[in-house]
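Asks: From first to last, the protein sequence lines are chains A and B. Per our numbering: the first sequence = residues 1 to 168. Per our numbering: the second sequence = residues 1 to 168.
These aren't lab readings, by the way, just hints derived from the structure by calculation. This one's a predicted model, so the numbers in the text were calculated from it and none came from an experiment. Treat the hints with caution; some may be incorrect.
Intra- or inter-copy, both count: the list cannot distinguish identical chains.
[Claimed, not checked] With a straight-line Cα cutoff of 30 Å, these simulated DSSO-like cross-link-like pairs (lysine-lysine) come out:
#1 Lys-35 to Lys-119
#2 Lys-84 to Lys-128
#3 Lys-95 to Lys-119
#4 Lys-26 to Lys-95
#5 Lys-128 to Lys-35
#6 Lys-128 to Lys-22
2 protein chains.
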Amino acid sequence: MALSMYQASVPVFQRMLGALDKILDKAAAYAEERKIDPAVLIGARLYPDMFPLSRQVQIASDHAKGASARLAGVAVPNFEDTEKTFPELKARIGKTLSFIGTLNPTQIDGSEARDISLKGGPREPSFKGQDYLLFFALPNFYFHTTTALGILRHNGVGIGKLDFLGAA
Amino acid sequence: MALSMYQASVPVFQRMLGALDKILDKAAAYAEERKIDPAVLIGARLYPDMFPLSRQVQIASDHAKGASARLAGVAVPNFEDTEKTFPELKARIGKTLSFIGTLNPTQIDGSEARDISLKGGPREPSFKGQDYLLFFALPNFYFHTTTALGILRHNGVGIGKLDFLGAA
């Protein structure tokens, strides 16, 4: 079967968010074992002007739900960015997975040339669906999931590439 | 035009490797400006058992050339991992781009069900082409390009998301 816009989006987000959820479990267990306040890991950054772990997870969620919704032509669900604990970040991933799981291949397939406009920020970039997915949504999604893992690795959590790939 | 295996691979690697090349320019300029030995940045890691910047760039190159070649059904070119300077790392990116630029869409399109076996490591995973691209090659490629940027950000280089996306 030919590669499709659905196959290149929703199942990828599902695999990687499932992996991120398990990575957060390992981070929470590490904090408990080492008597580290979980808030320290959740607020950790690779550099002072980079986002902390919590925001990395929120933005990964935003790109997954945003891309899936926009390619399907449905409204992007609005999640408030209030998560401050590992259970709350896992719940954010859970509701992202719940939402994208409601979308069918027939809604997303054929969206290669769909006009996508991003509103709300200082810039309002517009794309065709395929370029939006390949050159904006997926790179951004991977940037924030990888950076979440990098923050945890930098703080000593024993996770690796197989965790990231969802193969651990 | 429908999304294809070529569109989801070679142009993505080209965009991101082009961006990484410019990021290395900014890192080299930062080292010169701050009188930092470039070898310090090239050997920098986010954690002692993680790979340094040089190896992140080499592995990103490996996934780009490996995926493009395997999906096209041609031999993967072997590059020795000897790069120790910014010009050498940029040359590694350059020869990766040169190689993948030789591949045509007709060689890669239709490779969704092609059998891909990875040899050489302790594990020898095998995939169908589409799963190999979406769940192995692209996540690995993004993991190492993002981690390269994370290492440089962590060391104070003034680069950001737009540099990563190739939009800066």
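Asks: Now look at each hint and say whether the structure bears it out.
Replies: Here is what the structure says about each hint:
1. Lys-35 to Lys-119: neither (43 Å within a copy, 42 Å between copies)
2. Lys-84 to Lys-128: neither (35 Å within a copy, 40 Å between copies)
3. Lys-95 to Lys-119: within (22 Å within a copy, 39 Å between copies)
4. Lys-26 to Lys-95: within (20 Å within a copy, 39 Å between copies)
5. Lys-128 to Lys-35: Neither: 48 Å inside a chain and 44 Å across chains, both beyond 30 Å.
6. Lys-128 to Lys-22: between (33 Å within a copy, 25 Å between copies)
Against the hints set out earlier in the document, violations occur for numbers 1, 2 and 5.
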